[in-house]
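Visitor: These are the residues of each chain, in order.
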Amino acid sequence: MRSPKSDKIIEIASYILLSLYSFIILSPVIWIFLTSLKSLNEIFSWPPTILPKNPTLINYHEVIERYGFVTCILNSSYIAGITSLVVVTSGVLCAYGLTFFRYKGSSQVAYAILFSRLAPPIALLVPLFLIFREMGLVNTRESLIVYTFFMSFPFIMWCLIGFFRKFPKDLIDAAMVDGCSRIDVLLKVVLPLSKGPLAALAAIAFLWSWNEFMGALVLIRSRGLMPITLGFFTFTQEEYTNWGDLCAAGIMTLIPTIIVFMILQRHMVKGIFSGALRG
Amino acid sequence: MNKLRISDHTFGKILSLPPFFFLFLLICYPLYHLIYCSLHQINPVRPFKFVWFENYVFLFNQPLFHRIVLNTIIYAALVTSLTMSIALIVALCLNNIKKLSSIFRTIVILPWATPLVLSGFVIAWIFNPTYGIFNYILQSLGFQPINIYSSADLMIFVAALADTWTRIPLACLIILAELQNIPIHLYESAKIDGASSFAIFRHIVLPLIFHSILFSSFLTFLFSFRTPDVFLSLVPGGGPGRSGMVLGQYLYEEFLYGNIGLSSTIGVVILISCCILGTGYIVAYETYYQKLVGRGS
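Protein chains in written order, with the working numbering: chain A, 518 to 796; chain B, 17 to 313.
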């Protein structure tokens, strides 16, 4: 017989390992945050200090005033917001059609959408750039939205199909018998019951579009249209020794994603664990 | 009843086909364009013309290209093995604990929200030859400082660390979701039979989560194989003699110089590799599944 003692040991070991891992995960973030509060002199002092001696917001001021990071954040919010809205709306409609109203070839369509994610985005970027240039769409935020749609739609749709398949079919049949139209069923039965997973998937689409970098690098040129990842990148290329400003910029890149993440993390974890990821 | 009422099949088609065709167009037209460009000579200095497979011949005869392909494979393999071993341990730990589990989960998923450019920047800073904390620790322990930019292998290893940092959460979540689907009575009956913890892991847990491990390894390998974000922010220019580059970075740099033909050719190479990887995964999955069915479980 196994004693409960060995269970206890495993549990304690798990806590220790997880704390260690959390430390490794968090320490770089905390460190850039602390550095962003230091003056340039203090950053280059040797030996390095851990806590800032005179915390200052001068780096943030610099980044916002001189490099227009607020515009970048607005651009990113626009791109990520529209993408997540479009992806979730079209994903819900598409998955609703594919799971509840099957037709000949519907599962092939579902697989084709999933497998489209196999196409490497980086290889499609150059021809997309050439096509967008023909259409006069290069250097617009909308071109990037098209690209981020392609990046996130297959995954989101596939998660939704996984979720809808587990949806109690009786509820839908009952609503149908009661005289609901198919759109009514979607709006009044399916959607209210899948708020959590939908919020989670919207957050995932938002974060992916927010973090998109290669697409922005190829498609967007002018400073006023850059999303924050690209803004941060060009900034690191131009100011590669100005660590204080860079750290402030890094924190500003990270903060919006962390806010979204914190608001929706309970739904995210739940939504993902409710089996949305399996399929 | 309304005579105009459409059938369920048509309704399903109306809902699902428009996004499908949009996606289809969004992928197939660029793919056609990519292959078209890779068969032409398109660069700023020479005239535009159809050259058959000259771009491919040029690419495959270049020693630099061999080096880059090797780099990419080593890099993806390194990221996958690091990610999978850490993710498996973290997932098992998360599955074992009861208190504080939501806090730990949040921390574990947090790197997923981090842009790769940022983690590349952070790691570049940690390993910075002059100011980095890594060299500070090395020096205070009495070792020689290391300059990662001096060796391509070292650069690839450091880039793999940055990538691993962001890839762990997804792999971990996939494994954890599968772990939590294991019915508790399986553990309990094994315990009553006197199985040790290791035996339970080896003979019950591992076979049940094997598919999720396979799936997340495949995803990690695929994503790190084709994503050069970390390299772009860590080592602009590709290190000594461009020998520390990966395929995606090579593609982007040739695109920057205006060599559209050559960069499309690299794109086709990446595309074919991804297709081979995908097929490989499906074959591996099918064989595994057949084995399961054959065993009758």
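Some hints here could point you the wrong way.
In silico negatives: residues of chain B with every beta carbon more than 12 Å from chain A [what the hints assert, rightly or not]:
hint: 1; residue: I58
hint: 2; residue: R121
hint: 3; residue: F137
hint: 4; residue: G158
hint: 5; residue: S212
hint: 6; residue: F226
hint: 7; residue: Y268
hint: 8; residue: I288
hint: 9; residue: C290
Now the stretches of chain A that chain B is said to cover, found in silico as 3 or more residues with beta-carbon under 8 Å [as the list claims (entries may be wrong)]:
hint: 10; region: 582-589
hint: 11; region: 592-603
hint: 12; region: 648-654
hint: 13; region: 681-695
Keep in mind that the hints were calculated from the coordinates and are not lab data. Glycine included, C-beta positions come from ideal geometry on N, C-alpha and C.
Visitor: Quick check: the region 648-654 of chain A, covered by chain B? Criterion 3+ residues, Cβ under 8 Å.
Guide: violated (count 1)
Visitor: Is the claim that C290 of chain B lies outside the interface with chain A correct, judged by CB distances over 12 Å?
Guide: Violated: least Cβ distance 5 Å, not greater than 12 Å.
Visitor: G158 of chain B clear of chain A by more than 12 Å, beta carbon to beta carbon?
Guide: holds, 15 Å
Visitor: Are all C-beta atoms of chain A more than 12 Å from that of F137 of chain B?
Guide: Non-interface label fails for F137 of chain B: nearest chain A Cβ at 6 Å, not farther than 12 Å.
Visitor: Residue count check for the region 582-589 of chain A against chain B: does it reach three with CB-CB under 8 Å?
Guide: Answer violated; 0 residues pass the 8 Å Cβ test.
Visitor: Just checking, I58 of chain B versus chain A, shortest CB gap more than 12 Å?
Guide: At about 9 Å from chain A, I58 of chain B fails to clear the 12 Å cut-off, so the statement is violated.
Visitor: For R121 of chain B, is the shortest CB-to-CB distance to chain A above 12 Å, so the non-interface label stands?
Guide: violated, 5 Å
Visitor: Examine the region 592-603 of chain A: at least three residues should have C-beta closer than 8 Å to a C-beta of chain B.
Guide: It is violated, with 0 qualifying residues against the three required.
Visitor: Per the stated criterion, does the least C-beta distance between Y268 of chain B and chain A lie above 12 Å, as a non-interface residue requires?
Guide: violated, 7 Å
Visitor: Is the nearest Cβ of chain A still more than 12 Å from the Cβ of F226 of chain B?
Guide: holds, 14 Å
Visitor: Take a quick look at S212 of chain B and tell me if its Cβ sits farther than 12 Å from every Cβ on chain A, holds or violated.
Guide: violated, 7 Å
Visitor: Closest CB-CB distance from I288 of chain B to chain A, is it above 12 Å?
Guide: violated, 10 Å
Figure legend: structure checked against the earlier numbered hints; hints not met, in rising order: 1, 2, 3, 5, 7, 8, 9, 10, 11, 12 and 13.
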